[in-house]
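S.K.: Given the coordinates of chain A, work out where chains B and C should sit on it, guided by the hints.
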Amino acid sequence: MIESYIPIFLILAVAVVFGVVSANMSWLLGPQRPNRAKNSTYESGMEPVRTAHDRFSVKYYMVAVLFILFDIEVVFMYPWAVQYRNLGLYGFVEMVVFIGILLVGFVYVIKKGALQWD
Amino acid sequence: MQQLLQDTLATAPLGVTILLSLVVILLHSFVKNSERAQAMVSVAGLAIAAAAAFWTFPMRGTAFSGMVMTGGYASAMSVLFIAGAALTILLARDYLGKIGADFGEFHILVLLAVTGMMAFASGLDLIVTFIGLEVMSVCLYVLAGMTRGRLEANEASLKYFLLGAFATGFFLYGIALIYGAAGTTNLAAIAQSASARAQDPLFLAGCGLLLVGFAFKVGAVPFHMWVPDVYEGAPSVVTGFMSTAAKASAFAAFMLVFIAKFDIAHGRISLALAMLSVASMVLGNVVAISQTSIKRMLAYSSIAHAGYMLIGLAAGTPAAISGVLFYLLSYLFTNIGAFGVVSIIENEKQENVSIESFAGLGTRRPLLGALMSLFLFSLVGLPPLSGFFGKYYIFYAAIAEGYTWLTIVGVLTSMISIYYYLRVVVVMYFRSDTDATAVPVTTLGTASLLLSAAGVLVFGFFPRLITDIADTLF
Amino acid sequence: MTFETILFYVLALAGIVSALLVITRRNPMHAALFLIVNFVALAGIYLTLHAQFVAITQVLVYAGAIMVLVLFVIMLLNLQNEQDLFEKRSWRSYSGPILSLLLLALLLRTVAFVSGGSFDRISPESERIGTVANIGQQLFTAFVFPFEMASLLLLAAMVGAVILAKKRFP
Numbered sequence: 001m002i003e004s005y006i007p008i009f010l011i012l013a014v015a016v017v018f019g020v021v022s023a024n025m026s027w028l029l030g031p032q033r034p035n036r037a038k039n040s041t042y043e044s045g046m047e048p049v050r051t052a053h054d055r056f057s058v059k060y061y062m063v064a065v066l067f068i069l070f071d072i073e074v075v076f077m078y079p080w081a082v083q084y085r086n087l088g089l090y091g092f093v094e095m096v097v098f099i100g101i102l103l104v105g106f107v108y109v110i111k112k113g114a115l116q117w118d
Numbered sequence: 119m120q121q122l123l124q125d126t127l128a129t130a131p132l133g134v135t136i137l138l139s140l141v142v143i144l145l146h147s148f149v150k151n152s153e154r155a156q157a158m159v160s161v162a163g164l165a166i167a168a169a170a171a172f173w174t175f176p177m178r179g180t181a182f183s184g185m186v187m188t189g190g191y192a193s194a195m196s197v198l199f200i201a202g203a204a205l206t207i208l209l210a211r212d213y214l215g216k217i218g219a220d221f222g223e224f225h226i227l228v229l230l231a232v233t234g235m236m237a238f239a240s241g242l243d244l245i246v247t248f249i250g251l252e253v254m255s256v257c258l259y260v261l262a263g264m265t266r267g268r269l270e271a272n273e274a275s276l277k278y279f280l281l282g283a284f285a286t287g288f289f290l291y292g293i294a295l296i297y298g299a300a301g302t303t304n305l306a307a308i309a310q311s312a313s314a315r316a317q318d319p320l321f322l323a324g325c326g327l328l329l330v331g332f333a334f335k336v337g338a339v340p341f342h343m344w345v346p347d348v349y350e351g352a353p354s355v356v357t358g359f360m361s362t363a364a365k366a367s368a369f370a371a372f373m374l375v376f377i378a379k380f381d382i383a384h385g386r387i388s389l390a391l392a393m394l395s396v397a398s399m400v401l402g403n404v405v406a407i408s409q410t411s412i413k414r415m416l417a418y419s420s421i422a423h424a425g426y427m428l429i430g431l432a433a434g435t436p437a438a439i440s441g442v443l444f445y446l447l448s449y450l451f452t453n454i455g456a457f458g459v460v461s462i463i464e465n466e467k468q469e470n471v472s473i474e475s476f477a478g479l480g481t482r483r484p485l486l487g488a489l490m491s492l493f494l495f496s497l498v499g500l501p502p503l504s505g506f507f508g509k510y511y512i513f514y515a516a517i518a519e520g521y522t523w524l525t526i527v528g529v530l531t532s533m534i535s536i537y538y539y540l541r542v543v544v545v546m547y548f549r550s551d552t553d554a555t556a557v558p559v560t561t562l563g564t565a566s567l568l569l570s571a572a573g574v575l576v577f578g579f580f581p582r583l584i585t586d587i588a589d590t591l592f
Numbered sequence: 593m594t595f596e597t598i599l600f601y602v603l604a605l606a607g608i609v610s611a612l613l614v615i616t617r618r619n620p621m622h623a624a625l626f627l628i629v630n631f632v633a634l635a636g637i638y639l640t641l642h643a644q645f646v647a648i649t650q651v652l653v654y655a656g657a658i659m660v661l662v663l664f665v666i667m668l669l670n671l672q673n674e675q676d677l678f679e680k681r682s683w684r685s686y687s688g689p690i691l692s693l694l695l696l697a698l699l700l701r702t703v704a705f706v707s708g709g710s711f712d713r714i715s716p717e718s719e720r721i722g723t724v725a726n727i728g729q730q731l732f733t734a735f736v737f738p739f740e741m742a743s744l745l746l747l748a749a750m751v752g753a754v755i756l757a758k759k760r761f762p
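Those protein sequence lines, which keep their order, are chains A, B and C.
With the working numbering, letter number 7 in the first sequence gets 7, and the count goes up by one each step, no holes.
Positions in the second sequence are counted from 1; adding 118 to them yields the working numbering.
Positions in the third sequence are counted from 1; adding 592 to them yields the working numbering.
Errors might be hidden in some of the hints.
Heads up, simulated DSSO-like pairs for lysine-lysine below, C-alpha to C-alpha not over 27 Å straight-line [said to hold, decoys possible]:
#, chain 1, residue 1, chain 2, residue 2
1, B, K150, C, K759
2, B, K467, C, K759
3, B, K467, C, K758
4, C, K758, A, K112
5, B, K150, B, K216
6, C, K759, A, K112
7, B, K150, A, K111
8, B, K216, A, K112
9, B, K216, C, K758
10, B, K150, A, K59
11, B, K277, B, K467
12, C, K759, A, K38
13, A, K59, C, K759
14, B, K277, C, K759
15, C, K758, A, K38
16, C, K758, B, K277
17, B, K277, A, K59
18, B, K216, B, K277
19, B, K216, B, K467
20, C, K759, B, K216
21, B, K150, C, K758
22, C, K758, A, K111
23, B, K277, A, K111
24, A, K111, A, K59
25, B, K216, A, K111
26, B, K467, B, K150
So, partial list: chain C residues that the calculated Cβ filter (under 7 Å) puts toward chain B [stated by the list, open to error]:
#, residue
27, I598
28, T702
29, A704
30, F705
31, V706
32, A734
33, V736
34, F737
35, P738
36, M741
37, L744
38, V751
39, I755
For the record, the hints were derived by calculation from the structure and aren't laboratory data.
All of these numbers come straight from a predicted model, not from anything done at the bench.
By construction, the Cβ of each residue, glycine as well, lies at the ideal position given by its N, Cα and C atoms.
Next up, chain A with everything else stripped away, as it sits in the complex (with noise of 0.2 Å):
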């Protein structure tokens, strides 16, 4: 059974391999002449004044809350669809009912101007 997910595996194990070798292989093969300026953080050009923790805005935090409620409505569609022919018009009407409830919620984060970058 579990033999069934190695190409799953080799895929992940390439990704990791990939995504190692090609951030140190640069550092390997490239000439390393350090200066101030160079060690200083990349800033358009401009000189690096604070801390390079900024605070960000609360707004970004409402994104993400209201992209984990959506994530998660979108997970339960995952079974729903491995299971779609079983289910018939019951399961469709089930999903209709769970979306259009979930629906209202996102008129009303939308007529609150929620998502709106105000």
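M.R.: Chains B and C only, in chain A's frame:
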């Protein structure tokens, strides 16, 4: 499809409340400044839901493949939550305007909380119980912190959320262990094999963790730490709702899971419940004496009342269950009323909620003073108010079951409670008024208080109205 | 040693090491990144138990969405000096670990008692019940009611997020 329709009809109170909350969300989204209309639609819709609950009352059984209970107990509890929500929404009209938080979301969250409570109190599968609990809790976490600019409200919301999430963890782990032991989350199926599992450590550990989760939600010692801070920091009407409807729903689910369905109460769980009960009664009543803030005092009193109700759970007989149900109903009217008076006394900044600020209320505003006295007397348990009969039925059932010592603790701690409840009455009538801040007159708020007072009086004079129904719930 | 057993030990080791790193890193950002490693290792363990759906949810929702939120919150708090968060050692900072160890011992004892001390068996039924197809079948027939209630939970969370986090309100 036939079955689906039948199930939907049998759970009509829940269905109506869900539809109502969707309607209120849409109303709030599309019509600006319609907070008053939303409140009225909510109350009207709740009345329809209550009618649906009366209509479904005879349909005792289960729906959605044994997931939820219908009729009887479920309908009766639905009526209780609906009453709590309607009284709260009426009280909140002027209060929210006063504290500058007249958000339509208040109604949405109260309605969604009611749907959660209904599912929580009628779930026959631990999954339903859990989701109901979460829907209710999420709404309450947000309601507690609704006044965003107020530091105390932020603290209340955060504390409630963190400790609540922790308790949820216990609850869920308990469900997982029970599932591991019994192979199912269905209460009826678990009950069938419960006696065979009476020695199974996995099952007992699961029950223990579940017990911790419930004890947290009803605010029993030693899982009460959140109660004073949350009750004090949350807006007063929200506190009233939390301490009554939410507590009632937690108790209803508690009884359904541990007594009506598991039938393992007589034994270890029963002793654990008795211990929780003693600790809650003693700590709640003793600490309440030293409080100067009325909301904190009522919070500790709420812990104590959870203790009284736990006596009924420890006894676990049908008579005790119906006693607890009567107590829940009585406590609902009494405490929403008490917090309602507090919400009217408060100023815009929600500052003057000390017991001293009630000075001279009895002469300044005779009606408010009289109502507050009535609610406090009912909390003490003086006859012929409903609070007396609540205690009477529970104590009576406990003695019949051999819990005389528990009843003695209950009576003794009730006597302690007389001191701090009556202190407020003394301050209202015999202390001259120090700060002459005018208390605003609120029509809807007073109407809600009068309804609560009517509940306290009617169920006090005619307790059989409720106990006759409570005996036929299962 | 079958392939499954080896895989389990590798993933379990990764899970334990990353969990220890989460609670010992002083920089919250590093702790959060190790938490992602922990979540992925857990997802792998779920797969060895044939719980496909749980594994996928673990990666999609926890390692994906929830961790985005955690990282945002760390940046939102704008901690200039993370070291300040670590309070002085007091009895409180020791009682927590001791109590959790006691709880762990109690639970391990319980589970060991039930499974007869061996943890290397996977229930043969798990091959059937953990599949996405079976979860879909159960979720949309027997568990319709909790499924629809879940949408109300998401709805309540949506409204709550807007109230608590919207910049200008109402």
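S.K.: Of the hints given before, which are not true for this structure?
M.R.: 12, 15, 23, 27, 29
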